[in-house]
Amino acid sequence: MRVTLFGTRGSVAAPGPETAGYGGNTSAVEVCGKDGTILVLDAGTGIRRLGLQVLSSIPRIDILLTHLHMDHIQGLGFFGPLYNPGIEVHIWGPSSSTLSLEARLSRYLSPPLFPVHLRDLPRLTCHPVPRTPFDVGPFHVRTALICHPGPTVGYRIEAKEGIVAYLSDHEPALGLRNGQWPGKDWISGYDLAMEADLLIHDAQYTDEQYKRCLGWGHSTYQHAFEFAARVGAKEIIPFHHDPSHDDATLDFLLEEAVRRCQPGFKVSGGREGAVFEVGLS
Amino acid sequence: MTHPIQIILTRQLAGYLSVPFFLVDPKGKLLFYNEPAEAVLGRRFDETGVMPAEEWSSIFTVVDDDGRAVPPNDLPLMITLTKRRPAYSRFFIKGLDGVVRHVEVAAIPISGLQDEFLGAAAMFWEVPE
Numbered sequence: 052m053r054v055t056l057f058g059t060r061g062s063v064a065a066p067g068p069e070t071a072g073y074g075g076n077t078s079a080v081e082v083c084g085k086d087g088t089i090l091v092l093d094a095g096t097g098i099r100r101l102g103l104q105v106l107s108s109i110p111r112i113d114i115l116l117t118h119l120h121m122d123h124i125q126g127l128g129f130f131g132p133l134y135n136p137g138i139e140v141h142i143w144g145p146s147s148s149t150l151s152l153e154a155r156l157s158r159y160l161s162p163p164l165f166p167v168h169l170r171d172l173p174r175l176t177c178h179p180v181p182r183t184p185f186d187v188g189p190f191h192v193r194t195a196l197i198c199h200p201g202p203t204v205g206y207r208i209e210a211k212e213g214i215v216a217y218l219s220d221h222e223p224a225l226g227l228r229n230g231q232w233p234g235k236d237w238i239s240g241y242d243l244a245m246e247a248d249l250l251i252h253d254a255q256y257t258d259e260q261y262k263r264c265l266g267w268g269h270s271t272y273q274h275a276f277e278f279a280a281r282v283g284a285k286e287i288i289p290f291h292h293d294p295s296h297d298d299a300t301l302d303f304l305l306e307e308a309v310r311r312c313q314p315g316f317k318v319s320g321g322r323e324g325a326v327f328e329v330g331l332s
Numbered sequence: 016m017t018h019p020i021q022i023i024l025t026r027q028l029a030g031y032l033s034v035p036f037f038l039v040d041p042k043g044k045l046l047f048y049n050e051p052a053e054a055v056l057g058r059r060f061d062e063t064g065v066m067p068a069e070e071w072s073s074i075f076t077v078v079d080d081d082g083r084a085v086p087p088n089d090l091p092l093m094i095t096l097t098k099r100r101p102a103y104s105r106f107f108i109k110g111l112d113g114v115v116r117h118v119e120v121a122a123i124p125i126s127g128l129q130d131e132f133l134g135a136a137a138m139f140w141e142v143p144e
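One line per chain: the protein sequences are L and B, in this order.
When we follow this note's numbering, the leftmost residue of the first sequence carries the number 52, and every step to the right adds one.
When we follow this note's numbering, the leftmost residue of the second sequence carries the number 16, and every step to the right adds one.
In short, the hints are calculated from the structure, not lab data.
There could be a bad hint or two in this list.
Below, a list of computed lysine to any residue pairs in the SDA-like style, where the Cα atoms sit at most 25 Å apart [what the hints assert, rightly or not]:
1. L:LYS235 - B:PHE60
2. L:LYS285 - B:MET16
3. L:LYS235 - B:GLU141
4. L:LYS262 - B:LYS44
5. L:LYS235 - B:GLU131
6. L:LYS262 - B:SER33
7. L:LYS235 - B:LEU28
8. L:LYS262 - B:ARG26
9. L:LYS235 - B:GLN21
10. L:LYS235 - B:GLY110
11. L:LYS235 - B:TRP140
12. L:LYS235 - B:GLY127
13. L:LYS235 - B:MET66
14. L:LYS211 - B:VAL65
15. B:LYS42 - L:LYS262
16. L:LYS235 - B:LEU128
17. L:LYS235 - B:VAL65
18. B:LYS42 - L:THR183
19. L:LYS235 - B:MET16
20. B:LYS44 - L:LYS285
21. L:LYS262 - B:TYR31
22. L:LYS235 - B:ALA121
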């Protein structure tokens with residue numbers, strides 16, 4: 052399967068010459084199966100460009116939302132295939148204890164925040180993320196709620212070629228005492244990411260930022276690397292870059308984290324436009 | 016298998032409270048109790064570890080205000096587990112250290128976003144004599 056990063060930024064889009072290397076668009080990742088099945092992970096601003104590259108002949112696209120914070124849904128209304136009556140679009144995401152996924156999304160996709168009503172889109176179906184695994188084409192998808200404010204899920208996408216785990220907004224280190232990690236049963240997201248071939252994981256903060264933002268639902272590079280080591284991931288893509296971090300800062304943070312953690316797995320920068328082939332190695 | 020996030024967060028919360036706190040899964044298996052609970056129960060969690068409901072509900076000697084033994088199924092946490100509703104009681108408990116303490120206990124179900132039953136928690140207070 053092929054994984055393409057269309058948006059890697061967290062919190063808010065941060066376009067500009069100083070962020071051109073890693074990109075300024077917020078979370079959007081395409082996972083494409085050998086048979087052409089497309090999963091889109093999150094609908095941040097990066098999904099607009101993703102939509103431009105989708106063939107109009109494709110019959111169906113599934114969008115898997117981790118949660119409904121603005122940086123993960125802001126691009127949804129600008130995703131071209133939503134307006135193509137020839138394409139079925141299925142959106143999966145967490146409902147809340149009182150509102151359906153559709154009702155929650157409609158808070159954004161309706162006037163005055165957006166001119167089009169969700170209900171007016173031609174072939175859209177919303178699915179609350181089920182507690183049991185589900186299949187989309189060749190993909191077997193597992194979900195679980197993970198540590199982030201509000202209902203937030205992580206995804207584990209299994210195919211014959213390999214496993215991709217996507218935990219874009221995740222604070223597994225919340226509550227660690229003296230940096231000591233608990234047993235695996237007590238680590239948020241452990242089963243989702245276990246032995247993933249490719250782990251796309253939150254690495255928003257520096258150590259200093261994390262001290263100020265404890266409980267906000269994000270990780271440092273070191274937390275992401277320690278999590279990856281515990282779950283036995285083969286490769287990690289640090290993701291959900293802080294909007295205040297320019298390219299030079301992100302290069303430094305990545306190099307510094309590799310130097311400090313000496314990871315026993317592959318580390319690839321989360322750069323917009325990067326393509327990963329899972330199952331070819 | 017990773018516990019549901021609600022259980023993980025509840026344990027984290029318990030670790031930062033001064034209130035004795037006891038956490039079980041939907042079948043009543045003891046998952047965790049915090050340091051203040053260790054003082055009431057008379058043994059460190061590291062020593063007792065995970066144990067089934069039949070074991071923890073009978074390991075502590077519990078009597079009511081009149082000195083009558085409280086059957087395990089009448090303990091607040093067992094009521095919460097079977098009826099999936101909050102429960103409260105006040106009784107004397109003889110901890111594993113042999114000390115008898117007068118305690119109040121409130122138990123609550125832990126239900127997920129879709130009302131799925133994920134476990135239960137009990138909080139203890141020692142009654143000032």
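### Query
Does LYS262 of chain L pair with ARG26 of chain B here, judged by a C-alpha cut-off of 25 Å?
holds, 21 Å
### Task
Sort out whether LYS262 of chain L lies within 25 Å of LYS42 of chain B, counting only the CA atoms.
violated, 38 Å
### Query
Given the hinted pair LYS262 of chain L and SER33 of chain B, is their alpha-carbon gap at most 25 Å?
Holds - the C-alpha atoms of SER33 of chain B and LYS262 of chain L are around 23 Å apart, at most 25 Å.
#### Entry: Pair hint LYS235 of chain L and GLU141 of chain B, alpha-carbon separation not exceeding 25 Å
Violated, at roughly 33 Å.
### Task
Decide if the proposed pair is consistent with the structure: LYS42 of chain B and THR183 of chain L, CA atoms, cutoff 25 Å inclusive.
Status holds; Cα separation ~20 Å.
### Query
Is the hinted pair LYS235 of chain L and TRP140 of chain B satisfied, with a Cα-Cα distance of at most 25 Å?
With Cα atoms ~31 Å apart, LYS235 of chain L and TRP140 of chain B exceed 25 Å; violated.
### Pairwise hint evaluation, GLN21 of chain B against LYS235 of chain L, where the allowed Cα distance is 25 Å at most
holds, 15 Å
### Holds or violated: LYS262 of chain L to LYS44 of chain B, with C-alpha atoms at most 25 Å apart
violated, 35 Å
### Query
Can the restraint linking LYS262 of chain L and TYR31 of chain B be considered satisfied, given a maximum Cα separation of 25 Å?
At roughly 17 Å apart (the allowed maximum being 25 Å), TYR31 of chain B and LYS262 of chain L satisfy the hint.
### Query
LYS235 of chain L and VAL65 of chain B: Cα distance at most 25 Å?
Holds: LYS235 of chain L and VAL65 of chain B sit about 15 Å apart, inside 25 Å.
### Task
Given the hint that LYS285 of chain L pairs with MET16 of chain B, test it: the Cα-Cα distance must not exceed 25 Å.
holds, 20 Å
### Hint consistency between LYS235 of chain L and PHE60 of chain B [alpha-carbon to alpha-carbon, up to 25 Å]
Given pair LYS235 of chain L, PHE60 of chain B holds - Cα atoms ~18 Å apart, limit 25 Å.
In terms of the numbered hints stated before, the structure departs from hints 3, 4, 10, 11, 14, 15, 20, 22, listed from lowest to highest.
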